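Produce the entire structure from the sequences given, and follow the hints as far as they go.
Chains as they are written, first to last, in this note's numbering: chain A, 19 to 568; chain B, 4 to 146.
Treat the hints loosely; a few may be bogus.
Ranges of calculated distance between the beta carbons of each label pair, as one might list FRET restraints [as the list claims (entries may be wrong)]:
hint : chain 1 : residue 1 : chain 2 : residue 2 : range
1    : B       : Ala141    : A       : Phe310    : 15 to 21 angstroms
2    : B       : Asp29     : A       : Met19     : 58 to 64 angstroms
3    : B       : Asp52     : A       : Lys264    : 50 to 56 angstroms
4    : B       : Gln30     : A       : Phe310    : 46 to 52 angstroms
5    : A       : Arg98     : B       : Pro20     : 37 to 43 angstroms
6    : B       : Pro137    : A       : Ile276    : 34 to 40 angstroms
7    : B       : Gln120    : A       : Leu65     : 54 to 60 angstroms
8    : B       : Asp19     : A       : Met19     : 35 to 41 angstroms
Computed list of chain A residues with no C-beta within reach of chain B, every gap over 12 angstroms [to be verified]:
hint : residue
9    : Ala46
10   : Pro56
11   : Arg168
12   : Gln243
13   : His274
14   : Val318
15   : Tyr403
16   : Lys563
Covered stretches of chain B, going by a simulated chain A footprint (3 or more residues, C-beta under 8 angstroms) [unchecked claim]:
hint : region
17   : 119–128
18   : 135–141
Hints are computed from structural coordinates only; laboratory data are not their basis.
This structure is a prediction, so every number in the text was calculated from the model and none was measured.
Ideal placement from N, C-alpha and C gives every residue a C-beta, glycine not left out.
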Amino acid sequence: MYQYDQYDRSMVDARVAEFRGQVERRLAGDLTEDQFKPLRLKNGLYLQLHAYMLRVAIPYGTLNSRQMRLLGDIADKYDRGYGHFTTRQNIQYNWIKLSDAPNILAELATVEMHAIQTSGNCIRNTTSDQFAGAAADELTDPRPYAELLRQWSTFHPEFDYLPRKFKIAIIASETDRAAMRLHDIGIQLVKNDAGEIGCKFHAGGGMGRTPMIAPVIAEFVPALQMISYLEACLRVYNRYGRRDNKYKARIKILVHEIGAAEYRRQVEEEFAHILTLGLEPPAEELERIKGFFEQPGFEVGASDELDLSDPDFALWVDQNVHAHKQPGYAIVNISLKPTGGIPGDATADQIRLMADLARDHSFDELRVTHAQNIVLPHVKKADLYGIWQKLDEAGLAAANLDLIGDIIACPGLDYCALANARSIPLAQKISNRFADLGRQRDLGELKLKISGCINACGHHHAGHIGILGVDKKGVENYQLSLGGCEGADTSLGQITGPGFSEDGVVDAVEKATDVYLAHRAEGERFVDTYRRIGMAPFKEAIYAKEPAHG
Amino acid sequence: MVEQNLRYRADEPVADPAVTVDAFADQSNATAVRIEPGDDARLLLPHLDRIALVEVNFPAYTDGRGYSAARILREHGYAGELRAVGDVLLDQLSHMRRCGFDSFAPNQPISSEAAEQAFGTWPEVYQKTVDGRPAIWAKRHPA
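So, in structure tokens, the structure goes:
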């Protein structure tokens, strides 16, 4: 894992000191709330419905056990004993006192963490593949490149007041586990014919009220020109992105309105100029960073044998444990989606337990996923049963990864000032309706995603089943969509028709799954069947009138 | 009233009124230009040698187009005065300086002491820009 040197440390410390001063000015009345708002937002501090919410960055989703442990301790000390892992590799605390915020940032700085640029119209936390460094199918570990991006984007003086927020994801596998093409910029590391690593750039993806899949704007940019190319992409956006309407201000609208070809032309022109300026960190810097991401000291010849005689353990292994590139090792996915639970929430004790397991069994590493789960990336297969027992005791052994119970949901109207409808109680109802694990496994991979408003933090556009909460004349109403997907076959969901009440949409989801079961061909996932048979059979079943009783 | 309260240049201030970018194209003798957020700073590039002052207006500090305008001018060798005017607050001064501004005429006056402190916000910088400060990566790997 990356470790700060004195430079990185001085930057984070400077931010803590600056923010402490700003909070003091606010508490003393020297700053009005209007003046304070953009300052606190740049430190991830939102004023929500009931309290301040603090969003802490987990850069490219990687953290060590000390960091994880502190996240648990902060939940106990400053919040109500739990934290919420988000869809962007952040953690949010929902019950923060303004006067505590500078102390929390100071504590985070002791373990090389921060809340820098987790909000505001700037470049946000760069996200990546949660299996980086462990996946069998990766070209290279994307995290050194992500760390280069983190440093470049931190306090970038030209791009602090963009038209709108800006999210970058970087991956290095053909299998996209980071929803890369639904980002403002998505980078896939690729190799050219000469065997050199470079970046395939996608620009203009996003969710929100105008979901777009990012088109490719550059097939291959040499890795040592990545920062220069990004400077060009951002400069064109900063100059020409719309500022007249916040709903049309994301880069996706610019790319859509002028066309990918014209955006590419402008970027290329700017890029040619920027290359003359020498802005790119040298190869030695990338090498220095790569030194922090060397492969852990795996035991050679570790056994691939697993005793699966405990049926519950066998189910969990089958569903939640992924293949590792190293023989004898595995990737463990810890689902934060117990039946009836709040997606992405973990208690302080659970967070500390996961920290301990990482320290003892995963070379001190954890990952956070955009699906709001936790990963232990490097676990010896021989340790799996013991880990599973501890997870099970702590309520962390839900064997539902990528099943219908593995729901993504935003905080919704229970916390969020932007929301139109509640997401959490709906997620809990659906989770309870499909509580039977055998039924979930029969339905197979089925990604259900819930957003409490059009901003789409719950990624509903990318859900095989997506649910959007809206406000209909003061009553919460839920729109259902089908056929969304992230990854290499990214697609956007289509709305089924009129919306539903909270209970109504749970029924509609169940009917949609019934249609799938009735029509599926061998080996088809829900989304595959939907793509083959289309919306009509689903619509017919979902909106069929109940037969009259009598 | 002093129109401008922060200036970090040794030469004499330009007394000429700044013309708009559109008007500048027709006025071959103008030496001062004012850029509004929607203007294309690149239109000035052929004329940089005869411009002594560029004002970049920030009607709202949240509109960051002026940062790109400033950097583009400096990257192409503009050496005259680059002045940020309008809704310019203490919290933006450091970034503006990094993008090449060397004078400031904020709507709300800022004391030179407060400005000095603001310029010192970041002990180090991660990016190479136009202000001559070495990026952290350059310090890590001295040539």
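So, going through the hints one by one against the coordinates:
1. B/Ala141 to A/Phe310: 15 to 21 angstroms: 19 angstroms, holds
2. B/Asp29 to A/Met19: 58 to 64 angstroms: 60 angstroms, holds
3. B/Asp52 to A/Lys264: 50 to 56 angstroms: The hint (50 to 56 angstroms, Cβ to Cβ) is violated, given that B/Asp52 and A/Lys264 are roughly 40 angstroms apart.
4. B/Gln30 to A/Phe310: 46 to 52 angstroms: 56 angstroms, violated
5. A/Arg98 to B/Pro20: 37 to 43 angstroms: 60 angstroms, violated
6. B/Pro137 to A/Ile276: 34 to 40 angstroms: 36 angstroms, holds
7. B/Gln120 to A/Leu65: 54 to 60 angstroms: 27 angstroms, violated
8. B/Asp19 to A/Met19: 35 to 41 angstroms: 57 angstroms, violated
9. Ala46: Non-interface label on A/Ala46 holds, nearest chain B Cβ at 16 angstroms vs cutoff 12 angstroms.
10. Pro56: About 7 angstroms separates A/Pro56 from the closest Cβ of chain B, which leaves it inside 12 angstroms; violated.
11. Arg168: Violated: least Cβ distance 9 angstroms, not greater than 12 angstroms.
12. Gln243: Holds: least Cβ distance 14 angstroms, greater than 12 angstroms.
13. His274: 20 angstroms, holds
14. Val318: 34 angstroms, holds
15. Tyr403: 44 angstroms, holds
16. Lys563: A/Lys563 is indeed farther than 12 angstroms from all Cβ atoms of chain B, at 51 angstroms.
17. 119–128: Result for this restraint: holds, n = 5.
18. 135–141: It holds, with 3 qualifying residues against the three required.
In the structure shown, a violation is registered for the earlier hints numbered 3, 4, 5, 7, 8, 10, 11, in ascending order.
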